[in-house]
Structures are given as C-alpha cells and as structure tokens.
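Student: Just so you know, the protein sequences line up as chains A, B and C, in that order.
Residues 1 to 507, numbered by the numbering used here, are exactly what the first sequence covers, in order.
Residues 1 to 507, numbered by the numbering used here, are exactly what the second sequence covers, in order.
Residues 1 to 507, numbered by the numbering used here, are exactly what the third sequence covers, in order.
None of these hints come from the bench; they were simulated from the model.
Hints are supplied without guarantee of correctness; some may be wrong.
What the hints assert, rightly or not - A short, non-exhaustive set of chain A residues, derived as facing chain C with CB atoms under 7 Å:
#1 V290
#2 G397
#3 T408
#4 D469
#5 A477
#6 E486
Since the model is a prediction, treat every value here as computed from it, not as a measurement.
Glycine included, every Cβ here is placed at the ideal spot set by N, Cα and C.
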Amino acid sequence: MKFFLSILATILFLSFPVPGRCTDTPMSDGTQDCLGCHEYSHPGIVENWQKSSHAQTTVKDAMGVGAMSRKVSAKEISDTLSSQSVGCAECHTLNAESHSDTFEHNGYDVHVVVTPQDCATCHPVEAEEFSHNLMSNARNNLAGNAVYRQLQVSILGTPVYSESQKSFSQQAANEETQAEACYYCHGTRLEVTGFETRDTITGELTFPTIKGWPNQGVGRHNPDGSKGACSACHPRHGFSIETARKPYTCGECHTGPDVPAYKVYSTSKHGNIYSSKSDEYDFKAVPWTVGEDFSSPTCAVCHISMLTNTEGEVVVRRTHRMNDRLSWRLFGVPYAHPHSASPDLTAILNKDGLQLAAAFDGTEASDFLIKPAVQAQREETLQAVCLSCHSSSWVEGHWQRFENSIQTTNAATRNATKLMTEIWNSGLATGLDQGGNPFDEAIEKKWCGLWLFYANTIRFSSAMGGGGDYSVFADGAYQFSESLREMEDWYLLRRQSAIDSGARGSY
Amino acid sequence: MKFFLSILATILFLSFPVPGRCTDTPMSDGTQDCLGCHEYSHPGIVENWQKSSHAQTTVKDAMGVGAMSRKVSAKEISDTLSSQSVGCAECHTLNAESHSDTFEHNGYDVHVVVTPQDCATCHPVEAEEFSHNLMSNARNNLAGNAVYRQLQVSILGTPVYSESQKSFSQQAANEETQAEACYYCHGTRLEVTGFETRDTITGELTFPTIKGWPNQGVGRHNPDGSKGACSACHPRHGFSIETARKPYTCGECHTGPDVPAYKVYSTSKHGNIYSSKSDEYDFKAVPWTVGEDFSSPTCAVCHISMLTNTEGEVVVRRTHRMNDRLSWRLFGVPYAHPHSASPDLTAILNKDGLQLAAAFDGTEASDFLIKPAVQAQREETLQAVCLSCHSSSWVEGHWQRFENSIQTTNAATRNATKLMTEIWNSGLATGLDQGGNPFDEAIEKKWCGLWLFYANTIRFSSAMGGGGDYSVFADGAYQFSESLREMEDWYLLRRQSAIDSGARGSY
Amino acid sequence: MKFFLSILATILFLSFPVPGRCTDTPMSDGTQDCLGCHEYSHPGIVENWQKSSHAQTTVKDAMGVGAMSRKVSAKEISDTLSSQSVGCAECHTLNAESHSDTFEHNGYDVHVVVTPQDCATCHPVEAEEFSHNLMSNARNNLAGNAVYRQLQVSILGTPVYSESQKSFSQQAANEETQAEACYYCHGTRLEVTGFETRDTITGELTFPTIKGWPNQGVGRHNPDGSKGACSACHPRHGFSIETARKPYTCGECHTGPDVPAYKVYSTSKHGNIYSSKSDEYDFKAVPWTVGEDFSSPTCAVCHISMLTNTEGEVVVRRTHRMNDRLSWRLFGVPYAHPHSASPDLTAILNKDGLQLAAAFDGTEASDFLIKPAVQAQREETLQAVCLSCHSSSWVEGHWQRFENSIQTTNAATRNATKLMTEIWNSGLATGLDQGGNPFDEAIEKKWCGLWLFYANTIRFSSAMGGGGDYSVFADGAYQFSESLREMEDWYLLRRQSAIDSGARGSY
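Starting from the given sequences, assemble the full structure and let the hints guide the process.
Tutor: Here it is as structure tokens:
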C-alpha cells in the first residue's frame with residue numbers, strides 16, 4: 001500500500017507542476033512530497049502558501065537581514081531547517097514526539113495542529129511574549145472562573161420549558177455549542193480521541209479524530225500541551241504580516257457590543273483615514289515607519305508592532321504581550337480596573353470571594369492588579385505612539401477624558417448595582433447571596449447588559465477617540481440610561497404590586 | 001513564436017482598445033442613435049456601459065472563447081445580434097411585443113424594464129436556473145402566504161390611536177411603503193398604468209407610467225410576465241461579474257438581523273482575509289481558479305460560481321439556482337428545516353393548515369421538503385468547495401457543529417413557543433387559534449424576535465464559520481436568552497396580577 | 001533662551017534632511033524652521049503633509065489653473081503667501097492677533113487651532129458657505145436649545161441612586177463627558193485657560209492650555225471667535241479631497257441609529273457599487289465628471305461636490321452649505337419637516353413655546369421653515385445629480401416614495417405621541433406640562449427611541465434608496481411597531497393595576 005501510494009505521489013508530483021519550484025527558493029524533500037498530493041487536493045491553501053514569505057525565502061536568508069528588519073527572532077536554527085523554505089513538512093512534522101495528534105502519513109510523522117510551540121522554532125520571542133499575554137489564557141480565564149461559568153450557562157444553556165411549572169430551567173450547552181460560541185474566540189481544548197480510516201484520492205489513510213477541532217481561538221489548548229493559536233491573527237497558510245496588521249483581523253473577535261473595538265475604530269478619525277488611504281500604505285515594511293509607511297494607525301500600530309520614526313529610531317518596541325501597552329482593563333467586567341498583574345485571572349479573589357478583579361460593589365482586589373507605577377509606564381509606552389502625530393496637549397487632553405470615562409462609567413455601574421442589590425435583597429430576584437445565578441433572570445440580564453455592553457462601549461469609544469455615536473446612541477449612554485430606567489421601572493411596579501396585594505416579599 | 005505573438009498582440013490591440021465609440025467593437029445603428037442623446041442626458045450610465053464587457057466585445061467573440069471561459073450560454077444567436085456589441089438598443093428593444101411597457105421612442109419600440117426573459121437571449125441557462133430558484137419567487141412567497149401577510153401587516157401597518165379606546169389599530173401599509181420595505185428586496189409588481197408626455201431636452205416625448213417602478217428586487221413581476229431582476233446582483237449598466245462576485249452585492253439584502261449573512265461573513269476568517277487581500281484577487285477570471293484567482297471565498301464562491309482547481313478541473317459547477325448547494329433553510333422561519341422541494345413555497349400546507357414548512361410546534365410538513373438523499377447531495381456539492389482549502393476532518397467538524405446549531409436553536413424555539421402557546425391559551429394574548437394576528441402584540445413580537453432574529457443569527461454564524469460575537473453577544477444567544485426570560489417575566493407578572501385581582505381571564 | 005533655541009533648531013534642521021526639500025516647491029523660511037524640529041518630533045503629520053497638495057504646489061500655481069479646476073477660491077492672495085507651498089507656518093501663524101491661543105514659540109507667534117477663518121485666506125467661498133450651513137451651528141443648535149438640553153441630561157447625566165428613596169436622580173454630566181459624547185461631533189467650545197511650561201526635546205517651552213481641546217467637531221467654537229472645523233471632513237495634515245469625497249468621512253458622525261446615513265449607504269445599490277469598483281474611480285479630479293471619474297455616487301457627489309457631465313457642463317455647483325440640496329430635515333427631531341430657513345435653529349419657537357420646528361403634536365412652526373418654492377428648488381438641484389444616471393420616471397418614482405415615507409413616519413409618530421400624552425395626562429409619567437423632563441423615564445425613552453431611531457432610520461433608508469433591511473428589520477418598521485406595542489402594553493398594565501388597587505392617579 002505504502003509503495004502504491006508513493007508511486008501515486010510520484011506520478012502526481014511529476015504530472016502537476018508545483019508552483020514553488022518556479023522560484024529558486026530550495027524546498028525540502030518532505031515539503032515536495034506533501035505538495036505532490038496536496039497541490040491537487042487542497043489547491044487553495046497550497047497556492048496561498050506559495051505566495052507567502054515562508055515559501056519564497058529560506059530561513060537563512062530571513063535571518064540574514066539587519067536586526068531591525070528581522071522577523072525571525074531565533075538566534076540559531078539547525079542547518080537542515082535554515083537552508084530551505086518553510087513548507088508543509090517543516091511545520092507539520094516539527095516536535096512530532098510532543099504532539100498527541102501525530103500520525104503516520106505516507107511515511108512521515110505528521111501532526112494536524114501547528115502550535116505556538118512549533119512556531120517558536122523560528123519565532124521564540126513572539127511565542128514567549130504571547131504566552132504571557134492575556135490572550136493565550138483566554139480559554140482558562142473563562143472556563144476556570146466560577147462567575148463566568150454562571151454567565152456562560154445563563155447565555156448558552158438550552159432552555160427547557162416545564163408546562164406544569166410554566167417556567168424555564170436551563171440545560172448546560174453541549175460542547176459543540178460552546179465551541180461555536182464563547183470558545184470560538186477564547187479557544188477550545190483539542191483532544192485526540194482516536195484514529196479513523198478514510199477513503200482519499202490516494203486510497204485509504206488513517207487520521208486522528210480531534211475533539212474541539214477545528215478551532216483557531218487565541219487561548220486554544222493544543223495537543224502538545226501548549227496554549228494559543230498563532231493562526232488566530234496570522235491566518236493559514238499565508239501567515240501574512242499584512243493581514244495581521246490590518247484591522248479586520250482584530251475585528252474577527254473584537255466587534256460585538258461586549259468588545260466593540262473594531263466598530264469604534266471604523267468610525268473614528270483613524271479608521272476613516274485608514275479606509276480612505278490605506279491602499280497607499282506599506283503593510284509589509286519591517287521596520288514600520290510612521291508617516292512613511294502609513295499615516296493613520298491600525299490596531300497593530302498602537303498595540304503590537306515595532307514602529308520607527310523617519311530617522312530609523314524606535315518609537316515603540318514590538319510586543320506580542322499586548323497588555324504591555326495597556327494600563328486599564330475595559331471590557332468583560334462590571335468595572336474597568338488596572339490590568340491584572342498576571343495573565344492568569346483565575347487566581348484573583350476579591351473581597352466577596354469571586355474571581356473578579358472588582359467586587360460587585362466596585363471594590364478592587366488591588367493585590368492582584370498592577371500598581372500605578374506600572375500603569376504609568378504602560379501609558380508612556382502607548383502614548384509614544386500617539387505623540388508621533390499629536391502634540392502633548394492633544395494626548396493629555398485625550399487621556400484625561402479617557403480616565404474620566406472610566407470614572408463615570410464605573411460610578412454609573414456602581415449606582416445600577418445598588419438597585420440590583422436592593423432587588424436581590426427584597427427577594428424579587430435570586431442573586432449570589434440567595435444561592436442563585438446572578439445573570440439568568442430578566443432583570444439581571446438588564447443589569448448585565450448595562451455594564452457588559454453599554455458602559456463598556458462608552459469606554460471603548462473614549463479610549464479610541466471614536467467618540468460620537470458609540471458614546472451616545474449606538475450602544476452607549478442612551479442605552480445605558482434606558483436600561484437603568486427600565487430597571488427602576490421594573491422594580492417600582494413590582495414593589496407597588498407587592499404592596500397592593502398585601503403580599504410583599506412573597507415573590 | 002515571438003513573431004507570431006507580437007502579431008497577435010497587435011491584432012488584439014487593434015480590435016479591443018479603449019472603451020466606447022473609440023473602440024472598434026461594432027455597434028448597432030440603434031445603439032448609436034440612443035447614445036446620440038443619452039450620452040449627453042445620462043452620462044453616468046453610458047460611461048458605465050462603455051467600460052463593460054457588453055460594450056467592448058461582440059456577442060460572436062464572446063461565444064468564440066473556450067467552453068470553460070464562456071459567459072454566453074446560448075448555443076445560437078442571430079447574426080444581427082451577434083455581430084455587434086450589446087448596447088442600449090439590443091436590450092431595450094428585445095421582445096418588444098411581449099412587453100406591456102413598450103413605447104414608441106424616436107422611431108424605436110423601446111421598453112423601460114429589461115427582464116430575465118430579455119437577458120435569456122444570450123444567457124438562457126442562467127435565466128432558466130434562476131427561474132427555479134427561491135429568489136425569483138421571492139415576491140410570491142411573501143405576498144402569497146397568509147401567515148407572512150399577517151407578519152407584514154404587524155410590521156408595516158400604520159398605527160392609528162383611538163383616544164377613546166386608548167389603544168392602537170393597524171391600517172394596512174400603502175403600496176409605496178410596501179415597495180420601500182419588504183418588496184424592495186423581494187420585488188414589486190410592475191404594472192403599466194398609462195402613458196404621459198414630458199418635456200425633455202429633445203422636446204415633448206411620451207413615456208409609460210409604471211406602478212411599482214423603480215425596483216430591482218430579485219422576485220420582481222415584470223411587464224413581460226417574467227419574474228426576477230438580473231440587475232439585483234448584476235447592477236446596471238456595467239453588469240460586472242466582479243461586482244456580483246464581491247460580497248457587497250449580497251449584503252444589499254442579506255444584512256439585517258433577519259438574515260445577517262453579510263455581517264457574519266465580514267467578521268469571519270474568510271471575510272477578514274477577503275478584506276485584507278482581495279485587491280490581489282482576480283474577480284473577472286472565468287473559469288475561477290481556487291488559490292490562483294482568490295484565496296478566500298466570497299458569497300459567490302460557495303453559492304454560485306463555477307470553480308476550477310489549478311489543474312483546470314471543475315471543483316463545482318456554476319449555478320443560478322443557489323439552493324442547489326443548500327440543504328437547510330435557515331432564516332425567515334421559526335424552525336430551520338430541509339429546503340422546500342419546489343421554489344414556490346405558497347403551496348406548502350403544514351398540519352395546522354399554514355403555509356409554513358414547520359408548524360408552530362415544530363412538526364415539519366415533510367411532504368413538501370427535500371429528502372435526506374437530496375440534502376446529502378447538496379451538502380456534498382457545497383463541501384467540495386470547502387475541501388479545496390480544508391481537510392476532511394475540518395469540514396466534518398464544522399458541519400457537525402452546524403447541524404448541532406440547527407438542532408439546539410430549533411429546540412430552544414420550540415420551548416419558547418410552548419410558553420407563547422400558554423400565553424395565548426390563557427387569554428393574555430390573541431393568537432391564531434383565538435382569531436388574531438400572532439405577531440402584532442408586544443409579547444408576540446418578543447417571541448417573534450427570538451426566532452426571526454436571534455435563533456437565526458446563531459445559525460448563520462454557525463453555518464458560515466463566523467462564530468464568536470454573532471453566536472453570542474451580537475443578536476445571538478445573549479439576546480435569545482434575554483428575550484426568553486423577558487417573556488417569562490412578562491407572563492409571571494400578568495398571571496400574578498390576574499390572581500391578585502381575582503379576575504383571572506379578564507384581560 | 002530664544003537664542004539657544006534657534007541654535008538648536010538650526011542644528012536639528014541641518015542634521016535631519018527635510019523630505020519636502022526634495023521637491024522643487026518653494027517652502028517658506030517659517031515652515032522650514034517648523035520642520036527642523038517637528039519632522040523629528042511628529043513624523044506622522046509631517047510625512048502626511050509632505051504628500052499633500054499643500055506641500056507640493058505653490059498657491060500661485062494652484063490659482064493658475066482653469067476656473068473649473070481651481071480649488072483655491074480666493075481672488076487675490078498676498079505675494080508672500082502665494083509664492084510658496086502651504087506649510088506649517090502659513091496656517092499656524094495666520095491671523096495671530098485674532099487668536100487667543102497664540103503663543104510665542106521659537107520666535108514665532110504660533111496658534112494651536114487652525115480655524116475656518118484661517119482657511120478662508122485661500123478658500124473664502126467654502127468658508128462663507130459653511131458658515132451658513134447647519135453644521136457650523138451644530139454646537140449652538142444643541143447647547144442653545146432648552147428641549148435638547150433636557151434630552152442631553154437624560155442621556156449623559158450620571159445616575160445617583162438613593163437607597164432611602166430607592167430611585168435615581170441624574171447629575172449633570174461633566175465637561176469631559178460632554179466633549180466625548182454629543183460635542184465630539186457637534187463641536188466643543190475651545191477656551192484658553194492659561195499657559196503652562198513643558199519639557200520638550202528642545203528644552204522648556206510654554207504652551208497654552210485649552211479647555212475643550214482636542215476636538216474637531218463641525219460646530220466647534222474657536223479661539224478666534226469663528227465656528228466650525230474644516231478638519232472634521234478634511235483630516236489633518238493631508239487635507240485630502242479624496243478622503244472628504246469618500247463615504248467614511250461622513251460615517252464618522254452619521255452612523256448610529258440616530259443618523260444612520262453611512263449604514264444605509266453601505267447596503268444600498270450605490271454603496272455596493274462603490275465598495276466593489278471605487279478603486280477604479282478618480283477621487284482627485286476637479287472638476288469631477290459623472291461616469292468618467294466615478295460611476296456610483298458617494299455622499300459628497302449628491303450633497304457637496306461640483307459635478308460635470310462628459311461635455312464639461314456643470315451638472316450641479318459645489319456647495320459647502322449642504323442644505324442647499326436638502327428640502328427636508330429628517331433626523332434628530334420627532335417629525336420630519338421642511339428645513340429651517342436659518343441655520344441657527346435656536347431662534348425657532350413653535351406653538352408650545354419650544355425651540356423645535358414641530359410641536360409634539362406635529363404642528364409645524366412654519367414661519368421659521370423654508371417655503372414650498374424653496375423646497376422645490378432644492379429638490380431640483382439634488383435631482384440633477386440623480387438624473388445623470390436615472391430616467392425621470394425613476395427619479396419621480398423614488399421621490400414619491402420618499403415623500404410618502406415622510407408622511408407615514410410622521411403620522412405614526414403622531415399616533416405614538418397621542419398615547420404618550422395620555423400617559424403624561426394620566427399621571428403615569430411626568431412630561432413637560434407636569435414640569436418634568438419629557439425624555440428621562442423608561443416609558444419616555446421608549447417613545448423617544450420610536451422617532452429618534454426608528455422613524456428616522458425608515459426615512460433615511462427611503463431617502464437614500466437603501467430600502468430593505470434598514471426600512472424593516474434593522475432599526476426600522478419592526479422596531480418601531482415593537483416599541484409602540486410595548487408602550488401600549490406598559491400603559492394597559494399600569495392602568496389595570498391602578499384600577500385594581502383602587503388607587504388610580506396615585507402614581
């Protein structure tokens with residue numbers, strides 16, 4: 001069988017010209033073998049790869065460029081790898097022994113899932129930084145947090161109506177639903193559950209079955225024990241720096257009312273100029289020079305990329321630990337607060353014993369958060385980007401408003417939570433203190449939307465200078481104030497009803 | 001060889017240079033007469049046409065290319081037509097006798113509305129396929145369905161407040177409102193109501209007055225008895241294949257929470273790569289080669305276009321009957337279900353006597369729907385596209401989650417509908433069984449939004465691999481669960497009020 | 001000190017090559033001095049300017065082109081200015097004496113904020129027109145209107161919960177919040193509050209502190225007494241006509257449900273073609289020729305730009321008083337109505353004594369509005385654009401539907417307001433007549449959303465031929481009818497409760 005397959009592979013290989021061969025970049029025998037079949041069976045990804053830097057440069061050449069232009073951060077790479085392009089075989093057979101998804105495939109030990117640990121062979125600095133980033137912990141920080149698990153159940157659970165009780169109970173969502181929902185972005189847990197044999201164009205072949213696959217969430221748990229997915233932002237199989245630097249990549253996960261960064265950016269002055277002029281920008285230049293290569297920032301400009309000025313001096317260093325430039329955590333929490341000191345948020349315990357950086361009354365679990373000095377340092381790093389185009393007074397004015405927005409949205413949330421607490425205490429809803437899920441009743445959802453969507457959107461709008469509609473009418477202050485008044489209205493009616501029926505507290 | 005090529009280049013250069021009359025493409029006398037005035041009075045559309053393939057190629061030349069590259073599907077076309085470009089006169093005087101909008105215009109029998117029947121002169125396969133598509137029936141399937149008529153009245157009707165009764169009744173919307181709303185996409189009925197004389201730059205001229213005009217809805221009823229509008233996706237007067245292949249065209253009608261395909265696509269991995277790299281794609285290539293001409297799909301790639309692999313083999317055949325590649329109907333209905341066997345949905349009758357493929361309790365009217373074998377075949381057709389870039393295990397994993405989403409959203413809707421039924425039965429709202437419109441009261445609208453917007457958005461997000469926000473926070477599971485809890489909250493309060501007032505049932 | 005600084009500036013100037021110098025366009029000494037430091041300290045804006053027409057043309061050359069192509073509308077400009085490019089010094093030292101933000105800066109009297117009065121040196125016609133435009137009055141028209149101030153407080157105010165009263169009061173929003181919200185688009189009031197000394201790369205320097213800065217809102221109050229900000233649409237420091245002509249610029253402020261022009265455009269046929277083909281358009285051509293330079297309109301095409309036909313004849317004149325082409329005011333008001341005769345809306349007084357063009361019952365304050373003859377003239381101006389690509393019957397059909405939408409949405413709002421008035425009169429909410437804020441209670445916000453978002457979105461969708469989803473399911477008729485039924489539902493329950501408790505009117 002193996003013999004037959006290699007004959008077939010040879011035939012396929014000989015009859016279909018492999019595009020990569022047109023360039024002079026040497027390709028490994030392994031990759032040539034892969035292409036022999038896959039160029040035919042998966043033309044889309046093969047062609048995509050052919051156009052990539054991975055296909056068109058040897059690692060050695062990539063390492064030979066000046067320090068500022070280098071994209072390969074490894075100091076040493078084996079001769080075997082470095083003398084060739086980075087093809088199918090290079091990534092999909094790396095570290096085979098540590099991959100539980102490794103399988104024998106036409107004479108090669110291939111694994112399905114390429115992980116940050118694999119990418120670290122050439123890009124160790126980026127992988128290391130990313131491992132200390134909140135994103136690589138995105139799965140854990142959700143699944144390992146008891147409060148968020150309650151939120152998740154209240155949203156994703158399947159409602160079951162009891163005709164006798166005339167009310168709903170909630171069944172936990174199955175794994176497929178979870179993988180499509182929260183964990184699409186946060187990352188699934190990939191687990192090899194067995195192997196199966198399939199008919200393919202080259203005959204019967206055996207492949208691993210992987211629970212949680214496919215997935216490219218930023219905090220994915222991989223079959224080699226690593227966390228994250230570089231392909232979340234560097235999509236397969238072009239791994240284009242251009243795509244990662246454009247805002248659409250971030251928009252995949254940062255677009256809904258819970259984290260409206262992309263929407264706010266799109267209607268900001270920055271986003272306007274980007275949309276209008278970005279066809280004149282150079283998204284591939286490394287280093288990336290302010291003014292010369294682009295004249296309006298994208299997400300990557302402010303949060304990730306290394307920038308230089310026209311003198312070639314570094315404005316800001318590259319980082320794949322994006323919170324290096326972020327002093328405040330704005331979203332996914334009732335109260336904005338200084339970022340957590342550790343990217344593992346599950347260790348946080350606030351005064352109420354919850355894994356949230358601020359208690360429901362707003363009191364911060366300060367021991368777990370970065371100190372003002374660290375905040376100041378991160379601000380300075382980010383503001384170095386702003387100052388490339390804006391005067392100090394502009395930047396200070398902007399920042400002052402941003403911190404004001406944090407204060408006012410936190411204060412507004414605190415006030416709304418006082419009413420919610422009154423509702424819980426009066427027995428009209430069942431909160432944590434009453435042994436219930438604080439997110440699953442109608443009135444609780446109203447309260448939750450207040451901070452999860454609206455306070456949050458106001459903050460994003462303020463942070464990114466988007467102002468205008470997202471601060472006010474598009475999931476902003478209008479909707480915040482409306483929800484708040486609806487909570488009040490709800491409460492007053494039920495309180496009145498309770499009084500009227502002489503049955504207060506019987507709800 | 002080089003000599004031959006330079007001769008050929010010279011010939012090509014001489015035969016097709018610059019747009020319009022400057023080119024050597026022969027133009028009919030009729031079209032030249034039209035341009036005599038219209039180039040001046042309507043420069044926008046004339047210039048647009050000048051840049052089109054219609055202006056720059058004779059039909060004969062268009063028919064002369066290889067079978068795979070041919071865009072003209074007619075086997076034979078009259079010499080008169082085929083020896084010239086396709087200009088104003090060609091389309092606007094075709095089949096004059098069957099057009100009730102034909103009028104005498106400077107010596108020509110011209111009609112205003114060009115219809116699929118006109119386009120079929122050169123593109124009969126596409127017109128025929130489209131006539132068997134759901135879209136060409138879009139007007140009928142809405143206007144001819146008693147349930148949807150009730151939905152339409154509940155939405156578009158003008159509310160009239162009675163000060164004595166202190167409540168609203170609904171007046172049917174007038175035809176102008178209907179044409180701006182549902183029938184903007186579904187298509188109006190065009191009806192010649194008379195003729196009127198206008199002053200023009202060339203003196204007094206007579207034109208037909210057409211009720212329902214303008215409109216380019218996909219299921220438009222035309223003055224020649226045909227249905228549909230090719231210009232819905234191939235906008236006048238460039239009729240560009242590039243525009244039809246880009247996602248913005250589909251986004252014109254598929255963008256709201258009722259059918260959020262474009263929004264979901266925009267934030268999907270596919271949409272991200274498209275936005276980032278599509279300036280490098282070739283949107284005019286026929287055949288359209290995966291990987292070579294594009295590396296991320298648009299709507300047309302998955303649902304309409306003929307695709308080839310890099311060997312020139314057909315991956316999937318072209319179809320203008322888009323449901324050829326769709327096994328499930330996802331939107332516009334309470335329950336997702338196998339597609340209808342016929343594109344005319346008005347013939348469906350479910351167990352409750354409604355023209356809906358599934359009854360309110362979820363029971364399918366199976367006799368009217370495609371069988372599992374047909375579903376399987378359609379899945380295979382669509383998955384052939386996926387498999388150009390993804391492994392079998394990827395595609396299977398995706399599909400399994402998609403079908404899970406159908407099951408869970410249907411189950412959730414079924415549960416919500418049980419509560420709605422309880423509300424109807426208890427007399428707190430007036431449903432179909434009580435002789436009322438099931439969509440027009442506040443609580444009914446809450447229930448309607450559940451499936452029409454939220455269950456639906458979850459399914460689209462799942463189907464298109466968009467995941468993330470549209471599954472959860474952007475019209476997804478969060479909003480579904482919130483509406484459900486609000487329905488419950490509404491019911492419990494009114495039930496309690498009824499008990500308290502000792503007047504249960506008096507509502 | 002001054003001496004030291006100019007020495008330093010000279011050193012910096014000599015050591016860093018100034019890109020602009022590569023071109024042959026003469027640059028003033030002042031601008032060269034500015035660039036000496038700022039090329040290093042603000043590379044982003046300097047590079048942006050280098051690529052602009054301001055940097056690459058002398059004023060004299062810009063004035064020398066034919067009348068139709070001229071962008072400089074001044075008839076005479078001093079020799080000093082006109083013989084050079086328009087650089088930093090030209091704009092930031094103009095009219096120094098009238099700027100309260102002027103400060104001594106390295107030997108120059110520099111002001112921070114460049115205003116329409118400064119731009120008027122070369123572009124007086126545009127500045128004059130803009131000063132008569134609603135936009136330059138956007139701050140006043142909001143801040144100077146007592147009704148809108150109540151709306152603003154109800155939205156932006158910080159809620160304060162009283163635990164004893166168990167209800168909320170509203171604290172007025174602080175100036176930072178206002179500047180981030182309404183006045184981000186409407187414009188802040190810039191006020192020099194003092195001067196401060198900062199450490200800079202060239203030593204200690206003194207700068208003015210400006211309250212309300214940064215801001216680029218269209219109705220900004222400037223330190224020279226002028227109103228508006230050209231940079232709202234012509235972003236610093238490229239001032240690109242291309243950017244102003246693309247729809248993203250308008251989308252910065254016209255995107256939320258209160259004014260969804262950009263969203264509606266994006267999904268319209270016009271927006272589809274723009275998205276698909278605009279890379280082939282010429283956005284810099286002056287004059288701008290229909291069909292030749294573009295084949296689908298952007299916002300600027302219909303509302304601002306001068307257009308010519310392919311014969312070079314003017315289709316429509318350029319205007320920076322955008323309401324020149326607008327007969328109806330559609331948004332931000334309960335009822336659509338003929339535009340105000342004056343751009344200062346604060347002078348309007350309706351029959352109820354409010355500064356609104358129509359009273360809550362819909363009665364127009366006709367004395368303040370343009371007459372039908374003026375409306376007709378404006379329609380004709382706008383329709384001249386439509387007629388470049390559409391037949392008269394198309395345009396008339398469209399317009400008839402648009403005016404129908406105005407009638408039906410106004411009628412629907414009138415009916416909803418009757419119910420709201422009943423609620424106010426019955427004491428269930430506190431409106432204007434009861435001495436309250438008519439926008440701050442839950443039921444009032446429901447009513448407010450009806451017209452501010454939904455009636456309004458229907459009208460925009462109708463006006464811009466976007467039809468479809470924005471007319472119906474995306475903040476359109478569905479949401480209008482749902483809110484209306486929820487108002488009714490709210491009222492009936494409370495009325496019933498009041499009857500049941502024998503305490504009607506006690507609310």
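Student: Hint by hint, note whether the structure agrees.
Tutor: Here is what the structure says about each hint:
no.: 1; hint: V290; in the structure: holds, 5 Å
no.: 2; hint: G397; in the structure: holds, 5 Å
no.: 3; hint: T408; in the structure: holds, 6 Å
no.: 4; hint: D469; in the structure: holds, 3 Å
no.: 5; hint: A477; in the structure: holds, 5 Å
no.: 6; hint: E486; in the structure: holds, 5 Å
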